[in-house]
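All chains, full assembly: derive it from the sequences and hints.
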Amino acid sequence: MLGLGVDRLQADINRLLTSLFHQGVLDEQFLQLQQLQDDTSPTFVYDVINIYFDESEKLLRSLRLLLMDREFSDYKKIGLHLNQLVGSSSSIGARRVRNVCVAFRSASELNNRPGCLRGLEVVEHEYHYLKNMMHELFQLEQQRLLAAGVRYPM
Amino acid sequence: MFQSFLSQLITDMNWAALNNPNPEEKEPKSSDFYHLGAIDLPEKPRKIDFWRSGLMGFAKMKQQQQQLQHSVAVKMNSSSNEQVGNNKKGSTFIQEHRALLPKGLILWTIFVGFISRGIYQWMDDSSKVRREEVLVSMCDQRARMLQDQFSVSVNHVHALAILVSTFHYHKNPSAIDQGTFADYTARTAFERPLLSGVAYAEKVVNAEREMFESQHNWVIKTMDTGEPSPVRDEYAPVIFSQDSVSYLESLDMMSGEEDRENILRARETGKAVLTSPFRLLASHHLGVVLTFPVYKASLPKNPTVQERIAATAGYLGGAFDVESLVENLLGQLAGNQAIVVHVYDITNASDPLVMYGNQDEEGDTSLYHESKLDFGDPFRKHKMICRYLQKAPIPLNVLTTVPLFFGICFLVGYILYSAGVHIVKVEDDFHEMQELKVRAEAADVAKSQFLATVSHEIRTPMNGILGMLAMLLDTELSSTQRDYAQTAQICGKALIALINEVLDRAKIEAGKLELESVPFDIRSILDDVLSLFSEESRNKRIELAVFVSDKVPEIVKGDSGRFRQIIINLVGNSVKFTEKGHIFVKVHLAEQAKDGAESNGVVSEDMIVASKPSSYNTLSGYEAADGRNSWDSFKHLVSEEELSLLEFDTSSSNVRLMVSIEDTGIGIPLAAQGRVFMPFMQADSSTSRTYGGTGIGLSISKCLVELMRGQISFVSRPRIGSTFWFTAVFDKCEKCSLKKPTVENLPSSFRGMRAIVVDAKPVRAAVTRYHMKRLGINVDVMTSLRTAVSSVTGRNGSSPLPLGTTKLDMILVEKDSWISTEDIDSEIRQMNSRTNGNVHHKTPKLALFATNITNSEFDRAKSAGFADTVIMKPLRASMIGACLQQVLELRKTRQQHPEGSSPATLKSLLTGKKILVVDDNMVNRRVAAGALKKFGAEVVCAESGQVALGLLQIPHSFDACFMDIQMPQMDGFEATRQIRMMEKEAKEKTKLEWHLPILAMTADVIHATYEECLKSGMDGYVSKPFEEENLYKSVAKSFKANPISDLSCSQS
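Residue numbers (UniProt numbering), protein chains in the order written: chain W, 1 to 154; chain F, 1 to 1052.
Because the hints were derived from the structure by calculation, they are not lab data. Quick caveat: nothing in here was measured; it's all calculated off a predicted structure.
Derived pair list, reagent style DSSO-like, types lysine-lysine, alpha-carbon separation capped at 30 Å: (1) Lys576/F / Lys540/F; (2) Lys383/F / Lys128/F; (3) Lys984/F / Lys913/F; (4) Lys551/F / Lys732/F; (5) Lys914/F / Lys1015/F; (6) Lys372/F / Lys128/F; (7) Lys131/W / Lys933/F; (8) Lys933/F / Lys58/W; (9) Lys447/F / Lys493/F; (10) Lys1015/F / Lys77/W; (11) Lys76/W / Lys1015/F; (12) Lys580/F / Lys540/F.
Pair by pair, the computed Cβ-Cβ distance ranges are: (13) Lys1033/F / Asp54/W: 27 to 35 Å; (14) Ser531/F / Glu124/W: 58 to 66 Å; (15) His128/W / Lys1033/F: 36 to 44 Å; (16) Lys76/W / Lys1033/F: 29 to 37 Å; (17) Ser19/W / Ala470/F: 18 to 26 Å; (18) Thr40/W / Lys1033/F: 21 to 29 Å; (19) Thr40/W / Glu579/F: 49 to 57 Å; (20) Ala470/F / Glu136/W: 26 to 34 Å; (21) Glu579/F / Ser19/W: 52 to 60 Å; (22) Gln711/F / Val102/W: 56 to 64 Å; (23) Thr40/W / Ala470/F: 27 to 35 Å; (24) Gly24/W / Lys1033/F: 27 to 35 Å; (25) Leu145/W / Lys1033/F: 31 to 39 Å; (26) Glu136/W / Tyr484/F: 33 to 41 Å.
Selected chain F positions facing chain W (Cβ under 10 Å, derived; list incomplete): (27) Asp920; (28) Met922; (29) Val923; (30) Asn924; (31) Arg926; (32) Ala928; (33) Gly930; (34) Lys933; (35) Asp964; (36) Pro968.
From the three backbone atoms N, C-alpha and C, an ideal C-beta is built for every residue, glycine too.
Okay, here's the thing in structure tokens:
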């Protein structure tokens, strides 16, 4: 019945988050982020994460374009992009994305094209994984909110 | 929602920490959730795998966690190895050359053998020399005697010859014939014992032969055949002969070759002449024939050979029995058996002829002596050779001395050897022991470390369990479930407490515990401790009080946590074991105690001897084990304080405090008093059953006290109570004032007030006064309520208080005093009403102190006029203050956030502020904005430096700006520089000072970056992502520094 799964949903959310922490996908910054969310901004986390995904999507696209270019040499630009990505990732606590970005960045600093390509792959992989997980999380959260919102007249 | 999953997360995060390259970054944050049950957690929780490995084995753990505690153990091990190495190096000479010992013994034995042999040789030689000397002397003696005997015999023959010449030739006719000669010679034979017989042969030339033969009526016969002699030139027939040799008559002596030679030689020399030895005819003894010439006429002096020959008349001969001679001779001498004597005729040197001696009888051939013999015949040479009959026997002294010497020396060598071996063995054992000792010590340290680690690692999950239980209890549970959960929680807390104690103990043993030195307020610490136990003491209806001497400095430097721990432990014990009476904690300087004790010795004795007074002058009236806290000595302390406050010794930099905790509990059995401070020892096993606990607390306290350079001891009398006291040395801290918000700020609104405390028990009154004093209230103590009331109302003329001069603000009455005073209620009521009516006098407020109060008593108190308040004991200055504030309706300057929690403070700091956040990263911007908004700030965002500059055109309404450093186009430094430039310009234009606090936001906070921040005009930095504490620090700093902002910091 609707509304009776609140606890179960909460448990699922917790389990999911726990596994994400376990894997190192997220770190405590994410918790900080969640603590910032309160009644005045109930969708704060969701908003921030969405912004993050939008921004990152753009950055990754641009990175891919840059790297696909045959006679490409603008490592500086890649570095800037990656800085952005690192900054935003650490802001939301996307730890693994951040770490692989740092590796990517160091490859770009060395003008190591194959390293950059590999880095990009890894970053994209991590990014998509994070995105999937986050989607799942938000979905659960939404369900939970729905369930929590249901009140049965006594 | 977050909290619940967070806490669940925490245990799991320990797993995540495995993959985390830098776990320290996040631990502090999560650790807030760990401190649930534990009193004191000095260390950060560590990885959980540590805990597992701790169980799996110490060795493994060592490898894994070398940077942690175990590194010490490892160090210990390595150092112990070094030590062992050093020990081996430092071994003695014997130790080093142990292999040489048996060789040494063998060499020594050989050496001694040689020496013994040498000694033997020497002794043997000397004995040989002696032997030879003996032989020589014996031989010479024998030779001399033989010679003498011989020459005597020869002389006799000589005399015979003269006789013959005298009586045969010079007498005419001859006076001698055969008969006379034989008779004479037979009768004088004793003179010639060696001559078997003598005979005289006359010289007859061939021409006279016939005449001679006819004259004698026999013919001359030859010696060998006995036939008549053939014709020769000359004959020498025997004419006279002794009877023993009568067979020689008429034999021609010259017919024998040897005799002839002898005869010829004898008449030529005129001396006795000897033949070579031969077997004598009669005796078959070896013998020689002696021939002596007889001359007719007297010879001229020095006659020539011809003259001698011509004058020769005949020859006297005798057979010399040499063998008998020597035999006789030797027979006369002692010791003749010992030597063998040979006499040789060595006329022909190459072929010596034996004259005497058995050739078979060799004797000892190794040693012989030759002696020359001179028998008077110059042609013949003789010698005597003597030998010992037996080989030289080995002398007895040599036989005994040498083996004895050898034996002794060998034994000495062996003793030395075995001593050496023993030394080596002992030293080996010693080294082994030393090694074992080091290992044992290392093991002890390892044990303590293991214990520390394990208990620490138990604590980590235990905290998780407790946290979860606490959270579980917050959820909706059925009563049974709640009961279960609560039980689990209680058990868990007990376990944690135990583990903490074990950890402490282990830490102390491992030498890890270090005391910190921070300034703290002893009084507030004691109040804290009191408040911890107030609930329990109230339930048990025991009085709990604390008194700190005024001489004790307000603030000292030391380890407040540990000090607190000791007191909690001791007070906890007291509370646990006390059912009635009181617990009294008293702190004063150790020097004071000495003074007190001097007068106390007598007092306490008196106390014991005194015939059991119904009430003792202690805090609660119950008898205490130690008289130290009784009023008699206590008043000494109090009065001394009042008198000699100025004599406070300020010269030394530290103070020695003495804390005593007195209770009236069950006491410690005398038998168990000796082992109170031993770990895991309780008075007896029943104690732990009745009261619980591990008995480790006191031992920890002892260790801690010793760390504080103090001592701990106690006096206890069973069923009467115990008094524990300890001393501790703290640093004085006169300059440092406590700024920490944890220090209890006592309200200052009571300063200068007056109060009367009514208490019949002086000790208790002193305690009350102490607390009141801390609040700044002057206190007069009265022993009975009646006097107090009368003095206040002025009804009693002899008022002890100059009430007219000072106003009285309150009367504080001890419940016991009030209860015991009958019929006073009305008077109090009266007093209240009377004073109420008095306009000039403000009513002295009434308050009642009580440890516990029943409902009926409370009602009575109300009716009596103690409506104002009842102050529950134990007394604490802050609590009294609070109560009195309530009574006196003083306006409270309440502190909003006494704990100084940062979010609230941050909120107060940021509420209503307009803040500009500059960051190119949208996500960061959003997060920063969210965080700041949460603290109540109004946030405006800018995505680049230029936009920010636009927004910050003066005048603007921003209170602060958070600036990202890494931005494209214009970075944070540049933007800040431009902003500062703008402000400068504005100042020049408008004379108004603008200073916008700009805080850098940076992900990597290294020092250089920070310096660059300051250089470009920023006020501080905030590390990204935001952390509340960090944020608060920076914001508070820069906002305070900002003169424009009118923020009131609630912290001040």
